[in-house]
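S.K.: Can you build the whole structure from these sequences, using the hints too?
2 protein chains.
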Amino acid sequence: MIRIVLLAVVTATSVGVAPASFGQAYYSPSGLQRIHNTLPERLGYPADAKLLIVHADDLGMAHSVNAATIKAFERGLVTSGSIMVPCPWLPEIAAYARSHPEADLGLHLTLTSEWSSYRWGPVLSKDRVASLLDKNSYFYLTESEAASHANTTEVEAEIRAQIDRARAFGIKPTHLDSHMGTLYQNKTLFETLLRVARDNKLPVMISKEWIASTNYLSSILNPNDIVIDKIITIGPGVKAEGWSKFYADAMKTIQPGVTEMVVHFAYDDEEMRAATIDHPDWGAAWRQRDLQFFTSDFFRRLLDENHIKLISWREIAKAQYPER
Amino acid sequence: MIRIVLLAVVTATSVGVAPASFGQAYYSPSGLQRIHNTLPERLGYPADAKLLIVHADDLGMAHSVNAATIKAFERGLVTSGSIMVPCPWLPEIAAYARSHPEADLGLHLTLTSEWSSYRWGPVLSKDRVASLLDKNSYFYLTESEAASHANTTEVEAEIRAQIDRARAFGIKPTHLDSHMGTLYQNKTLFETLLRVARDNKLPVMISKEWIASTNYLSSILNPNDIVIDKIITIGPGVKAEGWSKFYADAMKTIQPGVTEMVVHFAYDDEEMRAATIDHPDWGAAWRQRDLQFFTSDFFRRLLDENHIKLISWREIAKAQYPER
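Protein chains in written order, with our numbering: chain Z, 2 to 325; chain F, 2 to 325.
Hint data in this document are derived by calculation from the structure and do not stem from the laboratory. What you are looking at is a predicted structure, and each value in this text was computed from that prediction instead of being measured. Treat each hint with caution, since some may be false.
Some chain Z residues judged to face chain F by a derived CB distance under 10 angstroms, without partners named [stated by the list, open to error]:
{"no.": "1", "residue": "Y139"}
{"no.": "2", "residue": "S149"}
{"no.": "3", "residue": "N152"}
{"no.": "4", "residue": "T154"}
{"no.": "5", "residue": "A275"}
{"no.": "6", "residue": "I278"}
{"no.": "7", "residue": "P281"}
{"no.": "8", "residue": "D282"}
No residue lacks a Cβ here, since even glycine has one placed at the ideal position from N, Cα and C.
M.R.: Written as C-alpha cells, this is what we have:
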C-alpha cells in the first residue's frame, strides 16, 4: 500500500488537472553532452510516447495479495509490482520470483505494520532497530509514527537488510519504493532511501510532481536519477461505483512521458477481510475492485484507444544504470 | 500442531490398545496426608469419571485457524485451545481472548515455523536467540532441527518472552504446551519447559503414557504436577473417510481419568491451502475434517453415550495451583 499524504499524488479530487510539465533534459555520464530531451527518448521511445507502469503494491503481505497479483500479471496488463520483505508470505512470492525471472519485481521497503489483527516486524534483530518498533516490537501502525520515531542509522540498516534478504531468497529487484510512503516523509528519510538505492544501482519511484510539491527533493536528486512524470493512485474519496470511471478518466488525461498507476490487488476473501477489518480504505473489497479493473477488457481497450504503452521498471533501471 | 514422534501418542495404529494404568496418588501440600486416589477426585469429580479436554492447537497461526477454532468454541463441544504467540495473527486471537475471559486458552510455545510459503520468527530479538533460527532468521522448519540446535538459555528466554507477550496482549494463559512437541524432544528441553511453567504457576500438558515411554520424565516431575492419563491425536495414517470412525473408536475406549484430544481446526480455504501447500498432513482439508467432526451432533452423541464429561485446563490449573 502507498499513502503519500504529504505529496501531490493524483487522487479522486485532483484527476483531470493538467499534469506538471515534463521535458527534463538528460546528459551523458560525463555531463558534457545533452543526449535526450525527454524520458521516453532516454528509454528508447519517441519523445511523445505515453508510457505507463501499472504497479501492484504489497506483494508478500498476504496470500490473497500474492494470488491476486500473480493472476493480474498473468493477464498481461500489469507490468510491475513490489514486495514487502518483512511480511510472512515473502517465501511464497519469492518462489514466484525465482520461477518467473522476467517478472518486474521491486521492493516495497517496509517500516510499518498497519493492520491491527495481523502484524509483522523487522528483518533485523529487534535490538538493532528499536526506534522502528512499537511497544509490542512490531513496526508502527502508521507512516507518521514510523517517520517521527525513526533513527536514520537504524532505517538504513533495516532497508539494506530487506534488500539482502530479498536477494538471499533469489529475488532480483528492479526498483525500490516505500510502503505507505514512509521513506518519503522527510528529507532525511528520503536521502537514506536514495543512498541505499544508488549503492544498489536501483531506481526509486519518484515523480516530477512530488519534486514540485516539496522543498527538498530537487536538491537531493542529480541528473542521472530518473524521475517519472506522474503517479496516479485511487484514494478513499472514490466510491465503489466510481472505480472504473476514475481510472478511465485518469487514462484519458495521461500525457506523453512516464506515468505510474499504483494499484493494490487482493481477493475480497476471508483472509483479506480479516486482515483489513474495520478499514475499508485499501481493504479487501477495494483491492478486488482494483483487480477486476486491471484485468478487464475495458482497461485493455483504454490502453489501445489512448495509445498508451505499458513499460516496466526494468527498462528504467537499464536506462539509469546501463552498466548493471 | 503437535507432532510428538518420540512419545507414545495414541494414533491410528494404536487406538484400541488399552490405556496405561492410572491411579496416581495425590498428597496435601504438606505432603503428610494422602487426599485423593485419582486425578478425577483431585479435580472434584467421582473417581470413575471419564473426563475429556478437546484441545485445539495452533491459534494465531492463520486467520483460518482462528476463525474455525472460535466457531468450534461457540458450538460448545471444544473446551480448550492454545495460542502461538510468535505468529502474525496473534493480535486477532488476543482480541478474542480479551473479550472472552472465560475461554480456556493456553500457550502453544513455539520454536518452529513449519510451512515453507509462510513463516515467522521469535518474539525476542534475533541476536539473542541465534541458536533457534535458520539461515533466513525464521524458526527452523522441523522440531528435530529446532531441538538439535537449541541453546537452553535461549530457549528459556524465548519461551518466557512468549508468555510475557501473551500477557501484554491481555491473554491470561491457563496452561502450556509445545508446538510440534519441540519442548518434549529431550530431557533438557522438557526441564526448561517445566521450570518456566512452575515459575508461572501453569500446568503443562503431559500424560502418563509419555512418562512410561521415556526414561527422563518421571525423575523430573513431582507429586504436585498434574499428569493427565492419555493424549489422543489423529495421525497421517487415517484416511479422510476414516476420520469419524477414528474419533468414535477412540471415544468408546476412553477410560476413567483425564484424556485430552489434541485437534487442529481451520477452514479448507485459500489461505490455509496456500499455507499448507504440498503438505496434506495437518493441512487445510485435514483441519476442516477435524472442525466438522468436533462441531457435529455425532460427536455430541458420542459424549453422551459414553458418559464423557468435557473439562478444561482451567480446572487443572486450579487444582495444581489452588493459591493462584
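S.K.: Does each hint hold? Answer for all of them.
M.R.: Going through the hints against the structure:
A least Cβ separation of about 9 angstroms between Z:Y139 and chain F falls short of the 10 angstroms threshold, and the interface hint therefore holds. Interface restraint check for Z:S149: the shortest CB-CB distance to chain F comes to about 22 angstroms, outside 10 angstroms, so the restraint is violated. Residue-level restraint check for Z:N152 is violated (minimum Cβ-Cβ distance to chain F is 16 angstroms; threshold 10 angstroms). Against a cut-off of 10 angstroms between C-beta atoms, the interface hint on Z:T154 is violated, since the closest Cβ of chain F lies about 16 angstroms away.
Below 10 angstroms, beta-carbon pairs count as interface contacts, and Z:A275 has one with chain F at about 4 angstroms; its hint therefore holds. Restraint check, Z:I278 versus chain F: the minimum CB separation of about 8 angstroms is within 10 angstroms; hint holds. Hint status for Z:P281 relative to chain F: violated, with the closest Cβ pair at about 18 angstroms, above 10 angstroms. This hint is violated: Z:D282 has a C-beta 19 angstroms from the nearest C-beta of chain F, more than the 10 angstroms allowed.
Hints 2, 3, 4, 7, 8 from the list above are not met by this structure, while the remaining hints are.
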